[in-house]
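K.L.:
The lines below spell out each chain.
Protein chains: 2
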Amino acid sequence: MQIIQTVREMQHWSEDRRLERKTVAFVPTMGFLHEGHLSLVREAKNRGDVVVVSIFVNPMQFNQSSDFDKYPRNEAQDERALKELDTDVLFMPPPAEIYPDGYQSAVEVEQVSQPLCGAFRPGHFRGVATVVAKLFNMVKPHCALFGEKDFQQCVVIKRMVRDLNFDIDIVSLPTVREDDGLAMSSRNARLSAAERETSLCVSRALTAAQELVSGGQTSAAVILQSVQQILTQNAEVRVEYASLCHPETLEEVELISGPTLLAIAVWVGEVRLIDNCVLH
Amino acid sequence: MQIIQTVREMQHWSEDRRLERKTVAFVPTMGFLHEGHLSLVREAKNRGDVVVVSIFVNPMQFNQSSDFDKYPRNEAQDERALKELDTDVLFMPPPAEIYPDGYQSAVEVEQVSQPLCGAFRPGHFRGVATVVAKLFNMVKPHCALFGEKDFQQCVVIKRMVRDLNFDIDIVSLPTVREDDGLAMSSRNARLSAAERETSLCVSRALTAAQELVSGGQTSAAVILQSVQQILTQNAEVRVEYASLCHPETLEEVELISGPTLLAIAVWVGEVRLIDNCVLH
Numbered sequence: 003m004q005i006i007q008t009v010r011e012m013q014h015w016s017e018d019r020r021l022e023r024k025t026v027a028f029v030p031t032m033g034f035l036h037e038g039h040l041s042l043v044r045e046a047k048n049r050g051d052v053v054v055v056s057i058f059v060n061p062m063q064f065n066q067s068s069d070f071d072k073y074p075r076n077e078a079q080d081e082r083a084l085k086e087l088d089t090d091v092l093f094m095p096p097p098a099e100i101y102p103d104g105y106q107s108a109v110e111v112e113q114v115s116q117p118l119c120g121a122f123r124p125g126h127f128r129g130v131a132t133v134v135a136k137l138f139n140m141v142k143p144h145c146a147l148f149g150e151k152d153f154q155q156c157v158v159i160k161r162m163v164r165d166l167n168f169d170i171d172i173v174s175l176p177t178v179r180e181d182d183g184l185a186m187s188s189r190n191a192r193l194s195a196a197e198r199e200t201s202l203c204v205s206r207a208l209t210a211a212q213e214l215v216s217g218g219q220t221s222a223a224v225i226l227q228s229v230q231q232i233l234t235q236n237a238e239v240r241v242e243y244a245s246l247c248h249p250e251t252l253e254e255v256e257l258i259s260g261p262t263l264l265a266i267a268v269w270v271g272e273v274r275l276i277d278n279c280v281l282h
Numbered sequence: 003m004q005i006i007q008t009v010r011e012m013q014h015w016s017e018d019r020r021l022e023r024k025t026v027a028f029v030p031t032m033g034f035l036h037e038g039h040l041s042l043v044r045e046a047k048n049r050g051d052v053v054v055v056s057i058f059v060n061p062m063q064f065n066q067s068s069d070f071d072k073y074p075r076n077e078a079q080d081e082r083a084l085k086e087l088d089t090d091v092l093f094m095p096p097p098a099e100i101y102p103d104g105y106q107s108a109v110e111v112e113q114v115s116q117p118l119c120g121a122f123r124p125g126h127f128r129g130v131a132t133v134v135a136k137l138f139n140m141v142k143p144h145c146a147l148f149g150e151k152d153f154q155q156c157v158v159i160k161r162m163v164r165d166l167n168f169d170i171d172i173v174s175l176p177t178v179r180e181d182d183g184l185a186m187s188s189r190n191a192r193l194s195a196a197e198r199e200t201s202l203c204v205s206r207a208l209t210a211a212q213e214l215v216s217g218g219q220t221s222a223a224v225i226l227q228s229v230q231q232i233l234t235q236n237a238e239v240r241v242e243y244a245s246l247c248h249p250e251t252l253e254e255v256e257l258i259s260g261p262t263l264l265a266i267a268v269w270v271g272e273v274r275l276i277d278n279c280v281l282h
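Residue numbers (the working numbering), protein chains in the order written: chain A, 3 to 282; chain B, 3 to 282.
Extracted from the complex, chain A is given alone in its bound form (with noise of 0.2 angstroms):
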């Protein structure tokens, strides 16, 4: 596994393999690896010749510098993981290489950005559709790999795409899940054995309302006082945002009338987790 730390020499790689034909596939991570990532890494080897994995953690995304601040990092772990996984090359920019001074531009995705995790970090998803438009510009892949528990995240970019015509595959993929159903976040490193165990009224609640729904509930108010019930049994979940909405457009749904994603953000402690899943 090859380790790249410049634009100018991640451009050239993938140029080259570019020009050999090669098809290269991307999964860009802010690092702290887990079976998530690892799932999408080994679906881009299915995909691509190549595989290159990006680790950056990008200030611009991070609405409070303290958040940014304790954003867990293992550089020598994620290494081996992709090593062991046959990644071709790791692209570990440093901050500077990415923002250098007199930086000054942004990427906006204006709809999509607005409600659910948008609603409450302003500036989040201006920073994740920044990034990712300048990976992709320094990666050239032909397809770059997104995990669905970023649900509004892969909406943001798969519009970002198609709107400023990046000649890119968006593929996402289901999230992973622990055993107990809890879904696979780098943040969950932060969490007391205690909170753990709270954390799970958030799977729990995603499949309380699945079975609503399986059961012929069409009312969106139903659903979702349901999910909060669940949600708010533990005192010390505060629930930031469940909502009902369009997969596609992320607006928000009355009557459940298709394919409804429920998005839900609450916080445990200090400690903030987001899951989803698409209602059917």
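Possibly wrong hints are sitting among the right ones.
One copy or any two copies: either way a pair holds, since identical chains are not told apart in the list.
[Said to hold, decoys possible] With a Cα cut of at most 20 angstroms, we get these calculated EDC-like pairs of lysine to aspartate or glutamate: (1) K24 to E45; (2) K47 to D171; (3) K160 to E99; (4) K24 to D171; (5) K24 to D169; (6) K24 to E110; (7) K47 to E37; (8) K24 to D71; (9) K47 to D88.
Simulated from the structure, these hints should not be mistaken for laboratory data.
Go by the hints and put chain B onto chain A.
P.N.:
For chain B alone, coordinates are given in the frame of chain A:
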């Protein structure tokens, strides 16, 4: 000369040329081509193995729809001129191909989009940066050429390319002028004979400013006073701005201590004209 109208076909064409290891040079235009554009196409022939010229009057960069409607067009004449120069591809996408239903993304270059034309045409450079980013992803060029008549546009695009890591060389070429000094512009077609004569005050003001600097004048205030005097000799001229600023940051300067941009925008009757030179 091949005429391409869809994004998909344009991307495939360029990807095929790149795989043949040919360099693609690109000249984006809004059509109604004059000698200024043609000088860019000729230089593109020198720099690329193949040359793509686009014609797209971009609604997103017009802050007034009346200005968009009145923008001069002559596709038959443009086609002839480009054929004569052995252009390989004329890319002429219809508006719905560029901004389909649901479109909602934008590229913003913050500081350098603010002053000069940016202060008088809100959203203009957001529209320019966005369409150029899109065209770059459609045409996938190795280099792209722009005229320095739109100096601020060149600055915005160079900054965007650096900030968003487009792997594209941006080449800017000097303004082409009529024999009497008037900067060539598609908008000149809208001037009456009398207005055409009046418009010469702009290039005269630039020349006078250069003479002051050559003679040792370093005070921006003194130079701008002389510029204003020349521009306002004719009552039909309304000065929008005349500004001395740093040619990269576009920050205003008070003292000339190195190459300095003199940028001018005036209205002559119903027609807005811009011009500039770098004083040294």
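K.L.:
Are the hints correct? Go through all of them and say.
P.N.:
Quick rundown of the hints versus the structure:
1. K24 to E45: Classified as within; 16 angstroms inside a copy, 32 angstroms across copies.
2. K47 to D171: within (15 angstroms within a copy, 32 angstroms between copies)
3. K160 to E99: between (25 angstroms within a copy, 17 angstroms between copies)
4. K24 to D171: Within one copy, since 15 angstroms is at most 20 angstroms while 24 angstroms is not.
5. K24 to D169: Answer is both; intra-copy 15 angstroms and inter-copy 19 angstroms each pass.
6. K24 to E110: neither (31 angstroms within a copy, 33 angstroms between copies)
7. K47 to E37: Answer is within; shortest intra-copy Cα gap is 15 angstroms, inter-copy 51 angstroms.
8. K24 to D71: Neither: 38 angstroms inside a copy, 46 angstroms across copies.
9. K47 to D88: within (8 angstroms within a copy, 43 angstroms between copies)
When each numbered hint is compared with the structure, violations occur for hints 6 and 8.
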